[in-house]
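Undergrad: Each chain sits in its own coordinate frame; assemble them with the hints.
Top line first, the protein sequences correspond to chains A and B.
Just so we're aligned: 92 in full-length UniProt numbering is position 92 of the first sequence, and the numbers increase by one with no gaps anywhere.
Just so we're aligned: 232 in full-length UniProt numbering is position 232 of the second sequence, and the numbers increase by one with no gaps anywhere.
Simulated from the structure, these hints should not be mistaken for lab results.
Just to be clear, a hint being listed does not mean it is correct.
[As the list claims (entries may be wrong)] Per the computed footprint, the stretches of chain A lying under chain B, defined by three or more beta-carbons under 8 Å from a beta-carbon of chain B, are:
1. 149 to 162
2. 209 to 216
[Said to hold, decoys possible] Calculated Cβ distances over 10 Å to all of chain B for the following chain A residues:
3. 15
4. 16
5. 18
6. 25
7. 44
8. 94
9. 101
10. 138
11. 143
12. 189
[Stated by the list, open to error] Derived pair list, reagent style SDA-like, types lysine to any residue, alpha-carbon separation capped at 20 Å:
13. A:115 / A:28
14. B:72 / A:209
15. A:115 / A:27
16. B:72 / A:211
17. A:115 / A:57
18. B:112 / A:221
19. A:25 / A:137
20. B:72 / A:208
21. B:112 / A:220
22. A:25 / A:152
23. B:72 / A:218
24. A:25 / A:59
25. A:115 / A:47
26. B:112 / A:218
27. A:115 / A:83
28. A:25 / A:51
29. B:72 / B:12
30. A:115 / A:55
31. A:25 / A:144
32. B:112 / B:133
33. B:72 / A:216
34. A:115 / A:75
35. B:112 / A:216
36. A:115 / A:30
37. B:112 / A:219
38. A:115 / A:54
39. A:115 / A:29
40. A:25 / A:140
Bear in mind the structure is a predicted one, so any value in this text is a computation, not a measurement.
Built from N, CA and C at the ideal position, the CB exists for glycine as well.
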Amino acid sequence: MGAGHGHRLHFHGHSPVHRAPAHLKVLLLVGFMLTVVATPRDWFPVFGVYVLVVVAVITAARVPLLYIVRRMVIEVPFLVFAALIPFIATGPQVEVLGVSVSEPGLLAAWGLAVKGSLGVMASLTLAATTEPADVLVGLRRLRMPDLIVQIMGFMIRYLDVVTSDLGRMMVSMRSRGMDPRSPRSWPTLARTLGSLFIRSYERGERVHLAMLSRGYTGELPK
Amino acid sequence: MSVPVLDVQGLAYAYPDGHQALFGVDLHVHQGERVALLGPNGAGKTTLVLHLNGILAAGAGSVRVSGLPVAKENLQEIRRRVGVVFQDPDDQLFMGSVRADVAFGPANLGLKGAALEERVMTALDLVGMADFAARPPHHLSFGQRRRVAVATVLAMEPEILVLDEPSSNLDPASRRELADIIRSLDVTVLMVTHDLPYALELCPRAVVLSDGHVVADDSTYDVLTDDALMRAHRLELPFGFDPRGIDSLPQ
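Okay, chain B solo, but in the shape it has when bound (with noise of 0.2 Å):
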């Protein structure tokens, strides 16, 4: 198989205050595939995810994407192939406009002029936000937020998009619009969180994260019909919600 756009190899972390979060995570993404990563609060999630751009150093273990190993000298080539979307839009827009917003990530990676404000209405368009793009981010609604703070990271082309409750906090309108957008990107996704049935709509494969360790990593539809390991975990679909009643599952 060819190499893995995310490969994540016996991942171990203790924050400074000696709470170990993660117990030698294996993780393996290939390209174009969009994975859910589950688990229960506290499970390690955001530690993971936090490893993924090298905001976190590893204590043991590696990381690598696509082949090149997260290390200090390749951290600014690291963030680029990496996109991470941060849960609260507000701490992912902080500029004056939606265009410098978007325009921050490849600004940082030298782009300038014609091609800068190519790659910000490209990103934009992408989320139909192109509209928007001169107007002050704290004008916008969550929802909007929302799109732009994906529309950020779009714009520094990576080649994973990693994006941590992307429908927390959202109507089911912009839940569902978000949902269409996710599927009409062309890059690999790997999405953190508690919506299980948006998992199911999205993420054809899911990871489980349970105390910093991976306990199921199969087909989403296998992981929620599977009684006894969502129990273990405290993971429960909503109330009403069935898999095996749904007959169209994304492939």
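Just chain A, same shape as in the assembly (with noise of 0.2 Å):
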């Protein structure tokens, strides 16, 4: 248990841009992200330039596009959002395919899916390339807090332990009969959650005890 998986965004390779240094692709990022937000909306030729550089910087790493595309999954829900703006927004209203929609909106929900879309390819990109551990000793280069940089190792590492745990539960849950996709089991997934956070506070305080009896003083080693 816990055992046996990576973490599933990271893609081993060995390309320039694997190697680039970690506090050089976090920079990088950040500075593109907000070029992009920064651009104006119905620039669109530019947003054609930006999506062939993030293209171009996968193709270098050698990561499959196919790999990053998959797991720009997870924007979905956002995406959805972004497609029903045209037909909640005011304004004066335009013909697409039969359906009268609002046209601010419709370009207000292109911008939202082009930029949304844009900084979690790039993201992806970056998890892809560098290890969670290189980030964050990227990170504390950068002068990020310690504080701050100690929390987000700590999730790193307990991540898979926590899901496991929830994976626990809701197999036990199972086994006993609940269906999690049936409403009527909503509540008990709700208490399932507060006795996971119960658990993994708890498991923090354990955590906390055996670093204290190591001698901990507040400062990791770097």
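TA: As structure tokens, then:
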């Protein structure tokens, strides 16, 4: 249990993009995102250039494009929201495929979708080419407060532990006849999340004890 | 006799909610001994362990480690001298790699560079995990994680190793490998366990804690074969196991 699966976002490789220092990649990512967000949404060709830039980086990293695209599913709820905007926004109406929609709404939806997707794609590229531990080293080098870097480190370390805790709880509930899809079991699910929180909190206390027992005084060794 | 490594006198403790867990515990462990701490669930074993390195502060009585009292001003040195290996290795291994985890304790003691690296590799060698130094702990098997947890504490070169349920959740092969490791170490051991055959195999002496009192302190063999004592304190040997039928006992 908890053994054998790596971080699902990282794609192992030795390309120049993989080898570039992590703090540089983080800086480039943030710079790129700020540029994308600041670009007026009706400069349509410029977004084409952005997409090309990201695709070029992915290609240079020798990460299969499909690997990134498949993980972009995470932004689907966000895209659904964007798709709703043209129908609920006001302003002059236009006909698209026989349906009347709001023109400013359509533009807003485009802006949201393209900027969001570019952000997700670029972040996934960073995640695919940089080990989580290296991202932390990079952030520390960029003078991110040590406490926050420590907390992020613990999050990465215990993500698998907490998900497998949840997995075991779900298996035990299913074994006793619960159907997680049926709305009738939603109250139970909510309570499960509550007890998962308590469990994780108590684990946090135990980890802290184990740290104190080895002389922790508030600073992790570099 | 020399100064005991562990000297607990009249230790009493009540939790903040009023529940009293320990009522005047006396315990002495001398250099090089391996002692099993036995007792039913809720007897106060874990509470006692948390006093040994000053996580909990005694309500009454005292704890001394090689003569040094467990008190706030000595905590850093106490925690170097007393190495506690907790039951769940996931609680003990919290860094990104095995090497970083083993280095955590000695780095807190101020070790750096080559000396630190050497300490880490020596500790990993002792538990046979040197080849796994670069791996993240959550990619190891449970038995391997338990061994790394032991190494994280050995790296601090403790005077006494305190193991909380070392054999729990291990398959028989990992359980035996861990026993071999514990036997090979040149360190005083206090082992908290419900695994009575394991206690008999590894520890010549056993202390029984029940309801916050020490009710027996004798050779493990004598404790396990004292049927009245065992029954009175909810201690039971596993099915088919009889210490009287074993002819090679550790001395």
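Undergrad: Say whether it holds or is violated: residue 18 (chain A) keeps its Cβ farther than 10 Å from all Cβ of chain B.
TA: 17 Å, holds
Undergrad: Has the given pair, residue 112 (chain B) with residue 216 (chain A), been kept, meaning a C-alpha gap of at most 20 Å?
TA: 15 Å, holds
Undergrad: For a C-alpha distance cap of 20 Å, please report whether residue 112 (chain B) and residue 220 (chain A) respect it.
TA: 13 Å, holds
Undergrad: Taking only the CA atoms, is the gap from residue 72 (chain B) to residue 208 (chain A) under or equal to 20 Å?
TA: The given pair, whose Cα atoms are some 18 Å apart, holds under the 20 Å limit.
Undergrad: Holds or violated: residue 115 (chain A) and residue 30 (chain A), Cα atoms, limit 20 Å.
TA: Judged against 20 Å, a Cα distance of about 13 Å means the pair holds.
Undergrad: Does the structure keep residue 115 (chain A) and residue 55 (chain A) at a Cα separation of 20 Å or less?
TA: The given pair, whose Cα atoms are some 15 Å apart, holds under the 20 Å limit.
Undergrad: Holds or violated: residue 25 (chain A) and residue 140 (chain A), Cα atoms, limit 20 Å.
TA: 13 Å, holds
Undergrad: Given the hinted pair residue 72 (chain B) and residue 209 (chain A), is their Cα-Cα distance within 20 Å?
TA: 16 Å, holds
Undergrad: Residue 25 (chain A) and residue 59 (chain A) were given as a pair; does the straight-line alpha-carbon distance stay at or below 20 Å?
TA: Distance of about 16 Å is within 20 Å: holds.
Undergrad: Does residue 112 (chain B) pair with residue 219 (chain A) here, judged by a C-alpha cut-off of 20 Å?
TA: Status holds; Cα separation ~14 Å.
Undergrad: Non-interface claim for residue 44 (chain A): all C-beta distances to chain B beyond 10 Å?
TA: For residue 44 (chain A), whose nearest Cβ neighbour in chain B is about 43 Å away, the distance exceeds 10 Å, so it holds.
Undergrad: Is the claim that residue 189 (chain A) lies outside the interface with chain B correct, judged by CB distances over 10 Å?
TA: 24 Å, holds
Violation of the numbered hints given earlier is absent; every hint is satisfied by the structure.
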